[in-house]
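Protein chains in written order, with full-length UniProt numbering: chain Z, 1 to 310; chain D, 1 to 312; chain L, 1 to 480.
If you're looking for bench data, these hints aren't it; they were derived computationally from the structure. Everything numeric in this text was worked out from a predicted model, so none of it was measured. By construction, the Cβ of each residue, glycine as well, lies at the ideal position given by its N, Cα and C atoms. Hints are not guaranteed to be accurate.
To be verified - Label-pair ranges, simulated between beta-carbon atoms:
(1) Z/Leu-171 - L/Thr-121: 22 to 30 Å
(2) L/Pro-132 - D/Ala-106: 52 to 60 Å
(3) D/Ala-234 - L/Arg-395: 54 to 62 Å
(4) D/Ala-285 - Z/Leu-101: 21 to 29 Å
(5) L/Thr-295 - D/Ala-106: 27 to 35 Å
(6) D/Leu-165 - L/Asn-309: 38 to 46 Å
(7) D/Ile-303 - L/His-233: 52 to 60 Å
(8) L/Trp-113 - Z/Val-149: 31 to 39 Å
As the list claims (entries may be wrong) - Example chain Z residues on the side facing chain L (calculated, C-beta under 8 Å, incomplete):
(9) Gly-176
(10) Val-180
(11) Arg-182
(12) Gly-183
(13) Gly-185
(14) Ala-190
(15) Val-191
(16) Arg-193
(17) Ala-194
(18) Trp-196
(19) Gly-252
(20) Gly-253
(21) Lys-254
Claimed, not checked - Covered, in the sense of this in silico footprint (three residues per stretch, anywhere, with C-beta under 8 Å from a C-beta of chain L), are these stretches of chain D:
(22) 172-182
(23) 193-206
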Amino acid sequence: MSLFSRYRVLLPIASLTLLMAVTFYVQPRTLSYFGLNLLFNLAVPIALATIAQMLIIMVNDIDLGIGAFVSLTACVTATFLEQSPLMGTVMLVALIIAYALMGAMIHALALPAIVVTLGMSFVWGGLALFLLPSPGGASPTWLREIMTVKPPLIPMALVAACLIAGVTHWLIAHSGIGTVLRGIGGNAEAVRRAGWPLIRLKALAYGLAGLFGVLAGMTLVGLTTSADANIALRYTLLSIAGVILGGGEFIGGKVSPVGAVIGALTLALAASFLSFMRLSPDWQIGAQGAILIAVLAARLLFRRRDGARR
Amino acid sequence: MPSILRRPWIWAWLAATATFAVTVALGSGRGAAGLAYAALSFGAFAAIVGVGQMLVISLGPGNVDLSIPATMTLSATLALKAMDGVPGTELLGLGVALLVGLGTGAANFALILLLRLPPIIATLAASLIYQSLAIWSNRGLRVKPPEALAEFATGRTLDIPNVALVGLLLSLAVWVALERGVWGRWLLAAGQNPRAARLAGVPVERVRATAYLTVSVFAAVAGFLLASFSGGAALNMGAEYLLMSIAVVIIGGTSIAGGFSNVPGIWGAAFFMFLVVSMLNTYGAGAGARSVLTGVIIIGIVIAASTKRNHA
Amino acid sequence: MLEREAPKNPPLVTLTDVAKHFGAVAALKDVNLAIRAGECVGLVGHNGAGKSTLVSIINGSLRASEGRVEFPLSAADDALAAGVRSVFQELSLCPNLSLAENLRIAHTGMRGWGWRRRAGTEISQSLDALFPSHGIAAGALIETLSIAQRQMVEVAIRFAPLGGKPQLVILDEPTSSLDAGIANQLLDAVRRFCARGGAVIFISHMLGEIFRVADRILVMKDGRIVADEPADHFTRQGLVDFMGHVAAEPETLQTESRRELGEIVISQGGLQARRGEIVGLSGLAGHGQAEALATLYLDATSAWRNPGNPPMVFVAGDRKRDGILPLWSILNNMSLSLLSATARWGLVDQVSERRIGDEWKRRIGIRTESLSNPILSLSGGNQQKALFARALVSRAPIVVMDDPMRGVDVGTKQDVYALIRAEAAKGRTFLWYSTETEEVCQCDRVYVYRDGAISAALSGDELTEARILEASFEMQESSA
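Chain Z on its own, in the form it takes in the complex (with noise of 0.2 Å):
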């Protein structure tokens, strides 16, 4: 068993080491406050959504819904939220009950995720057309101010990301009740002949990724200040590719906490190191998808000793 395999979560973060250190050599300005603040601007929300995904991942579904779900989310913040904080806090607990009611029908009906998510994605999608037809909404003057906060030292973004990443560690690898979640992803006939109820499971963990969708939301709105219905749909395949880059695997609820948040900086910065590097608008997004796949390729190396070894 190799290092890499029992600590899933090194590979990613070899990774972003060596995005940053290229970064900093090709860019030597962005190593300060001001430069790292730029880097990893909209990290956070992917973060967030990346965690969310992590947690529909982590009991063998996946999500094509996240991005919408994000954007109705910033929707509502941006309107609701602003406007009757009341009335849009109530909206946003009330759209956590909702995916955590989605998960519980996806068991009951043993339903495939993959396309309940993906229908959902309409729905969330048309409820935030409805919001916002056009782009606009403001960000509540509170939000705008937690995201812009400037602590002392390290900029707010990896403050932020380290504070998800230790909470969601807590919660995901550590927590009684986040091994259960992961003991789905592994063996979920084992879970429920223990005497566990699998479907509270797993509306828990679907209303877990819908708090994290609502958070990843609410801080788009805090660092963008407005907000349109389609403002996060990316995030959907952002997210998944930040579970994957953090070293989780699609089944058998292989996921890192840690790992997912350090794969979601790594897309936030492969992101801004390309704008850094003037490269051609035209390849900016066939690049990204490079670095995607160069960093992806890196597990081969280890997949490759191990599978020698067994």
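The hints should help you fit chains D and L onto chain Z, whose structure is shown.
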């Protein structure tokens, strides 16, 4: 329950028929024949990419091609550029489109096989590169398809849209390969249990490779036809076909768990997806309501199909 | 031996007139049973005799269609509360979690800070008590363990306190992946557990194990308990008679005069086989036999080339993992390896598929009305026959078999032995890995594996159970 209700494709067709009836009853403005013609035209594109996606999804959990939109755009862009609107270059354009499809399919599968990436991630990352290629080659360019090609794509034969005929031909080929062919047996065996299939002598990698090549080639053909149909390639022309291709596969009754596929259902689902939008347009629903209802209906059908399947 | 006349306590569990129907099929009929503290009950019967249904009703995973299941001693409402634990054949561990975390899942009541440490202590103590010198760390992930180690962990979790005390432990073929040494430790632990007042239901197809641990034996046949008596009232022969099969002593494959063997057709990694030869692979479970066969097969075949007439075919023993295609009919499962050889224009020749299927259904004796039925409608033994048929219908000269008799009843075994003998006589070569020593003793030649390498090649008069055991254990005894 009558045996026909146990057919996995029946739900998509029932839903499509019902939607069709409601839309016509409400008076869509173009009558039943006009609506059917439009459904055949627009449904054909969804059906072509859906049939391709179905092959990949039949390979089992985790297998999916997320690069369909990018492949469609890239193939359309490069093909139109190669033809440059010059009459008589239609076959050249088709050739370019097919080569793009083979190329992206081969690249996708190479990533999956050689780098052992999960297909979702491999096709997603690769699609970003295809997208860049398309942007780069499409820069400031708005080429029209050659006249004859545009006429073919928007024309009809025996009152059936030509694009639908192409789609039906491709679907028929896939149907024969799946239902009667050795390759189909291999594909479905690999989809149920790749390890067992390999140990039974099935050339699993060969089957997987051909499935990934086929979906890309189908997407390339769909892109080529769509650009010819709509008078040019646009960078976002494939966007709606990502979710669409997956939705028609699932609504059509193909098992997301792999090892079971269903061609007729794809067409029912493709019609249905088009007709739902028409119906809601007829109602005068806004974009938001249309989207919400589409989602609710997709989920409703999945629930209906799954509960029936469980009781059957 | 236990003082059998002593138990005046109420029984742990009683079943009164229990029956279980699946649709029209009666899986269990008229079952009356009481199990008391301190008893070790051996449960034997053929596949489909109702053993699994019976224990599922006792542990509460199935509900009886008729009759009552009660737990008088604990007066508990359900099996979980009454301290009934089950070790299932298919393991109920989460491979992505550690030993301690798996124990946490089994122990639903564990709460509060430091659970990880408490769970680690609990699983370690349980393992230590059952399998001294097991060498498995409480923090290790299950997926990094061997099959045998996983089975040990599974057993240890069920014997751990889990916030209460196990009263009745159901062990369903618990030694199937264990080597003899570990299996003996388990049998001893079961005896100690019963001596301390615990009860055990022990299911095994190895009658030797049953006689070693059980003080009472239940024999099931066709959903009924046909015998329920103290173990010393039975002989092995008597048990087999009760189970209802005539052929108790396995015929050997070598009854006929030695066949003429052909040229060497396999020579890889010290393994050699001749045309028409039946070569056995033996040794303790998990010492590299399955890997050697898989490598041999995967090297000889391709994941890219059209197989045509393949050089080699594979018979899986782990049916679910390696063999069965669960969505398909029996016929499609049987014909899979034959398709490309009989295809025309890439299309399946359905006429010859059907004809060959019917022929082999008859030859190998698959019990079904129609080959169009789903493969999962067959019993385990008949599924295995379908997998044999899949391999044998092809014209492949070499047949590789990876412990194919796992969980197969005696009747099926006899049918298949005869078939193998006939096919070998026609010039086919068989490579046969088996965990049952008496099975490999019937081969022409046997390679014994130890620590991933061949430790002995035995044939003719050397080929005895004693020599195989010697070659399997030698090193371990000297180092112990």
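Quiz prompt | Z/Gly-176 as an interface hint toward chain L, with CB separation required under 8 Å | solution = holds (5 Å)
Quiz item: Can Z/Gly-185 be said to touch chain L, with a Cβ gap under 8 Å?
Solution: Hint on Z/Gly-185: holds, closest Cβ of chain L at ~6 Å, below 8 Å.
Quiz item: Are Z/Gly-183 and chain L close enough, Cβ to Cβ, to be under 8 Å, as the hint says?
Solution: This hint holds: Z/Gly-183 lies near chain L, its Cβ roughly 4 Å from the closest one there, short of 8 Å.
Practice problem: Would you settle whether the hint for Z/Ala-194 is holds or violated, based on the nearest Cβ-Cβ distance to chain L being less than 8 Å? | Solution: holds (5 Å)
Quiz prompt | chain L contact restraint for Z/Arg-193 - C-beta distance below 8 Å | solution = holds (6 Å)
Self-check item: Satisfaction of the hinted span 54 to 62 Å by the C-beta atoms belonging to D/Ala-234 and L/Arg-395
Solution: holds (56 Å)
Quiz item: That 52 to 60 Å hint for D/Ile-303 and L/His-233 (C-beta), does it hold up?
Solution: holds (57 Å)
Exercise. Quick one: see if chain L covers the region 172-182 of chain D, three-plus residues with Cβ-Cβ under 8 Å.
Key: holds (count 5)
Self-check item: Restraint satisfaction for Z/Trp-196 [CB to CB of chain L, less than 8 Å]
Solution: The hint holds - Z/Trp-196 has a Cβ within 8 Å of chain L, the shortest such distance being about 6 Å.
Quiz item: Taking the CB of L/Thr-295 and the CB of D/Ala-106, does the distance hold inside 27 to 35 Å?
Solution: holds (29 Å)
Quiz item: Does the nearest C-beta of chain L fall within a distance shorter than 8 Å of the C-beta of Z/Lys-254?
Solution: holds (5 Å)
Exercise. Could you check if Z/Val-191 really has its C-beta closer than 8 Å to a C-beta on chain L?
Key: Holds - the Cβ of Z/Val-191 comes within 8 Å of chain L, reaching about 6 Å at its closest.
The structure fails none of the hints (numbered hints given earlier).
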